[in-house]
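So the protein sequences, as listed, match chains E and B.
The opening residue of the first sequence carries number 1 in the working numbering; numbering runs sequentially from there.
The opening residue of the second sequence carries number 1 in the working numbering; numbering runs sequentially from there.
Mixed in with the good hints, there may be bad ones.
[Said to hold, decoys possible] Quick list of the computed label-pair ranges, beta carbon to beta carbon:
id	chain 1	residue 1	chain 2	residue 2	range
1	E	56	B	111	30 to 40 angstroms
2	B	52	E	59	40 to 50 angstroms
3	E	82	B	5	27 to 37 angstroms
4	E	2	B	5	27 to 37 angstroms
5	E	86	B	39	10 to 20 angstroms
6	E	65	B	82	37 to 47 angstroms
7	B	41	E	12	37 to 47 angstroms
8	B	57	E	54	34 to 44 angstroms
9	E	26	B	22	10 to 20 angstroms
[Claimed, not checked] Some chain E residues flagged as far from chain B (calculated, every beta-carbon gap over 10 angstroms):
id	residue
10	2
11	7
12	8
13	20
14	29
15	44
16	45
17	63
18	64
19	70
20	72
21	80
22	102
23	112
Hints listed in this document are in silico derivations from the structure and should not be mistaken for laboratory results.
Predicted, not measured: the structure shown is a model, and the values here were computed from it.
The beta carbon of each residue, even a glycine, is placed where N, CA and C say it ideally should be.
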Amino acid sequence: NAGVTQTPKFRVLKTGQSMTLLCAQDMNHEYMYWYRQDPGMGLRLIHYSVGEGTTAKGEVPDGYNVSRLKKQNFLLGLESAAPSQTSVYFCASRSGTGYALEQFFGPGTRLTVL
Amino acid sequence: TQLLEQSPQFLSIQEGENLTVYCNSSSVFSSLQWYRQEPGEGPVLLVTVVTGGEVKKLKRLTFQFGDARKDSSLHITAAQTGDTGLYLCAGPSNSGYALNFGKGTSLLVTP
Numbered sequence: 001n002a003g004v005t006q007t008p009k010f011r012v013l014k015t016g017q018s019m020t021l022l023c024a025q026d027m028n029h030e031y032m033y034w035y036r037q038d039p040g041m042g043l044r045l046i047h048y049s050v051g052e053g054t055t056a057k058g059e060v061p062d063g064y065n066v067s068r069l070k071k072q073n074f075l076l077g078l079e080s081a082a083p084s085q086t087s088v089y090f091c092a093s094r095s096g097t098g099y100a101l102e103q104f105f106g107p108g109t110r111l112t113v114l
Numbered sequence: 001t002q003l004l005e006q007s008p009q010f011l012s013i014q015e016g017e018n019l020t021v022y023c024n025s026s027s028v029f030s031s032l033q034w035y036r037q038e039p040g041e042g043p044v045l046l047v048t049v050v051t052g053g054e055v056k057k058l059k060r061l062t063f064q065f066g067d068a069r070k071d072s073s074l075h076i077t078a079a080q081t082g083d084t085g086l087y088l089c090a091g092p093s094n095s096g097y098a099l100n101f102g103k104g105t106s107l108l109v110t111p
């Protein structure tokens, strides 16, 4: 199993450009998450999904949109990138059953907005 | 949002030393998790603690959940260079669907 994969690994954008980050998981997990990680800020939740066709806002959703058209994929979109969105983005997934909420993370996408 | 405060923020020690890092909150959690993140990678779960007062051991790592389920600690015995990384604690969010993460303790173990 590949687990959680993210595409691309690195990207440089100019202010105002748009892009989509792709997350894919092969563990048949119900829940998927997008986080951003900035120095000294820890992991902050952007959006999450509790199942195919559903999405919900997290702690820092502004400037981002998401879609979960297929159970195994969770897309994060930036419509008009800003320098404040320079960050490392992590996708995660977990099973919908069990109380422990263990999340499995992808390797991250490093995004720079100039 | 249920905040998790981690301390210290940074820790640099030599191989063979012992260390303890802390995760504290004013809120009660049904469970707490510890993740380790190595440079350039995503976090990986180390342990989940669910019972107040619980102690779990993972080789040289000892995890404790406070009696009141508001805090947790991670103790590493005889640290090795391979222990270098960012240690994150996390607890269930109010919604129950997501996790709230602390800001982490960055550990550097030098030879």
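Cross-check of the supplied hints:
no. : hint                             : verdict
1   : E/56 / B/111: 30 to 40 angstroms : violated, 46 angstroms
2   : B/52 / E/59: 40 to 50 angstroms  : violated, 27 angstroms
3   : E/82 / B/5: 27 to 37 angstroms   : holds, 29 angstroms
4   : E/2 / B/5: 27 to 37 angstroms    : holds, 35 angstroms
5   : E/86 / B/39: 10 to 20 angstroms  : holds, 18 angstroms
6   : E/65 / B/82: 37 to 47 angstroms  : holds, 39 angstroms
7   : B/41 / E/12: 37 to 47 angstroms  : violated, 21 angstroms
8   : B/57 / E/54: 34 to 44 angstroms  : holds, 39 angstroms
9   : E/26 / B/22: 10 to 20 angstroms  : violated, 36 angstroms
10  : 2                                : holds, 13 angstroms
11  : 7                                : holds, 14 angstroms
12  : 8                                : holds, 15 angstroms
13  : 20                               : holds, 19 angstroms
14  : 29                               : holds, 13 angstroms
15  : 44                               : violated, 8 angstroms
16  : 45                               : violated, 6 angstroms
17  : 63                               : holds, 19 angstroms
18  : 64                               : holds, 15 angstroms
19  : 70                               : holds, 19 angstroms
20  : 72                               : holds, 17 angstroms
21  : 80                               : holds, 26 angstroms
22  : 102                              : violated, 5 angstroms
23  : 112                              : holds, 15 angstroms
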